[in-house]
Amino acid sequence: MIELSDITVRKSKGLLLDGISLSVPPNDFVGIIGPNGAGKTTLLNVIAGFERFEGSLSLFGRSETWSRSRETRLRIGYVPQLFQIDPAFPILALEAVMAGAIGRVGLFHTPGKEHREKAMRLMDMMRVAHLAERPLGQLSGGERQKVSLARAILQSPEILLMDEPTAGLDIAVQKEVLNLVDEIHKMQGMTILFVTHDFNLIPSAMRRAVLLDHGKKLLDGDINTALSGDALSRLFQYPLVCFERNGRRFVSYG
Amino acid sequence: MAEPFIEALLYPPIQRAAIACVLCGASCSLLSVFVVLMKMPLIGVSMSHAAFAGAVLGLLLDFNPFVSGLILCLLTAGVLGPLSDRTDIAPENVLGILFSFLMGLAFLGMGILTRTKAGALNLMWGSLLSLSKSDLVILFVITVILVLFIFFFFKEIRSVLFNRRLAAASGVPERMIYYALLFLTGAVVSSNLATVGGLLIFALLVQPGATALQLTYNLKHFFLISAASGIGACVSGLVVSYLLDLPSGASVVLMATTIFAAAYLLSPKRRYAKSKERKLFHEIDKK
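As they're listed, the protein sequences go chains A and B. So that you can map any letter, position 215 of the first sequence is 215 in the working numbering, and since no number is skipped, the others follow by simple counting. So that you can map any letter, position 152 of the second sequence is 152 in the working numbering, and since no number is skipped, the others follow by simple counting.
Derived from the structure by calculation, the hints contain no laboratory data. Any given hint could be a false lead.
[Unchecked claim] Cut-off 30 Å, straight-line C-alpha distance, at most; resulting in silico cross-link-like pairs (DSS-like, lysine-lysine):
{"hint": "1", "chain 1": "A", "residue 1": "Lys118", "chain 2": "B", "residue 2": "Lys220"}
{"hint": "2", "chain 1": "B", "residue 1": "Lys269", "chain 2": "B", "residue 2": "Lys39"}
{"hint": "3", "chain 1": "A", "residue 1": "Lys11", "chain 2": "B", "residue 2": "Lys39"}
From just these sequences and the hints, can you work out the full model?
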C-alpha cells in the first residue's frame, strides 16, 4: 500500500530524511517513533504530499511525486498536532468535521444530508456530538483533536496519517484519544501511521514500530522489539528500561 | 441636512462617485474577510504599493496607469504564492520584503517623474470626483468576478481559510483557491487606486473584516457584515466629506474606524468571553 525507497529530504538546514525505505501493507498499524528532530513529521509529510523529496514513493501501487492528484489525496486522511485557532474564528465544530467531505463531493457540489448525518455519527463516536454547534475555537484541546479525528474519518480514507495527535493534551484526554484511535483501527480497518515521541502513549493496536534518528531508520520491527530498553537507550542515547504492566509496555529512566 | 447631497446626486460626477463608493466598499470589504482570517494584513499594503508603483511606472512610460498597476499587482501575486509555498521564508516575511521593495520602486518612479506629480498623487489619495465611465466599468466587472468566486467556491474558501494544509489533505484544490485570492486582491486593489487611492485602501482591506470578526461565528454572515460595513463606511464617508467639505478618502477611512469601534464595544463575542471569564473566577473564588 505504501512503498518508500531511498527517500531523502534536503533543506537549507541539512538532511531531514536520509535514504529511508519502508513498506507498509494494508491494515497495518505502524508507529513512527523517535526524538525531536528525528524526521518523523517529515516522513509523514512526504507520504501526505506536503514535502518535496528524492527517491521513489509508491501509494496504492502507483508511483507518486511530491504533488498529489485529488483522487490520491482523498484516500489519505491526515490528523495534525493540536494547533492554535483564534477563538473568534467563524467555524463551528460540525462545520470543521464537514470539511472532511468537501474534497470528496468536489467543486460546485455541496455536502448533503447523508454527509451531515455521518458527521454527527462520527462526532457521537468521538463523544463531541453535544458540541456540534459550538465555535471550534472555544473547544478544549482534547475536544478539538476529537473533532480533527472525526473530520479525517469523514473523508473515508484508506490510509490515516497521525502526527502526534496526543501532544499537548491532559493525561486523561490522551488516554481517551488513544482508545478512540484503537477503536477507529478496529472498526474502519484503515492503514495507520502514528507519529509519536512518547512511547508511553502507544495505542494498543500498534503492532509494528519504526525508530528514526537524525533522518535515518534505526530499527523497523515488532513493537516489543522496538520498545526494548536496548533499542530505546540507543535511540535516545540515554539509559532507559522497559517493563510490562496490565499487558502494556511502559518505558522509564534506567 | 442631506438635501444638498441628494441634489448633488443629479450631477454625473457625483453619481459616478456614489456608485464607485458602493463597488469599492463591496470589493475591498469582501477581500478583507480573507486578509483578516488568514492574518495577512501586509498583503493589502503590498498589493496597494504594487499597484501604485505600476501606475507610477505607467505615467513615466506614457502608458495607461490602471493597466500597468494591474500588471504589477498580478506579477506580485504570481511571485508571492510560489515564494511563500516553496521557500523556507514565512509568508509574512515574503510580504514584508515585497512591500518594502515595491515602496522603493514607487518612490523611485516618483523621484524621476519630471512632469507634474499631481496624477501620481491622485493615485496615492484617490480622486472620487474625477472617475471616468471606464474606471467604473472595470471596478464593476472585478467586483462581480469576486462575488461570483465567493458564491461558487464558498465551501472550498472556508476550508482554505481555516487551514490550508488540512484543506489540501482533504482533496480541496487549495493552491488554486489561494492563488486565485491573491490575483483577485491584486485586481481589486489596482481597480480601486482611482477611488480611495493606494495608501488608504489598506484600511478598507482590514477594517470591515475586523468589524465582522467582532460580531459573528457564521462565515456567510461574516461576508455579509463585512460587505455592509465596507459599503456603509464608503457611502457615509462620501456624504460626510461632501457636507463638511473634507477629503473623501480620509472621511471613508475614519468612518470605517468608527464602525469598527462600535462593533468592538458592542461585540457579543467579547461580552460572552468576558462573562465566561467572570464565571470561571467566581468558581475559583468559591473553591
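Status of the hints after comparison with the structure:
1. Annotation: proposed proximity of Lys118(A) to Lys220(B) holds, straight-line Cα distance about 23 Å (limit 30 Å).
2. Taken as a hint, the Lys269(B) and Lys39(B) pair is honoured in the structure, with Cα atoms around 19 Å apart against an allowance of 30 Å.
3. The suggested pairing of Lys11(A) with Lys39(B) holds, with an alpha-carbon distance near 26 Å, which does not exceed 30 Å.
Of the hints listed earlier, there is not a single one the structure fails to meet.
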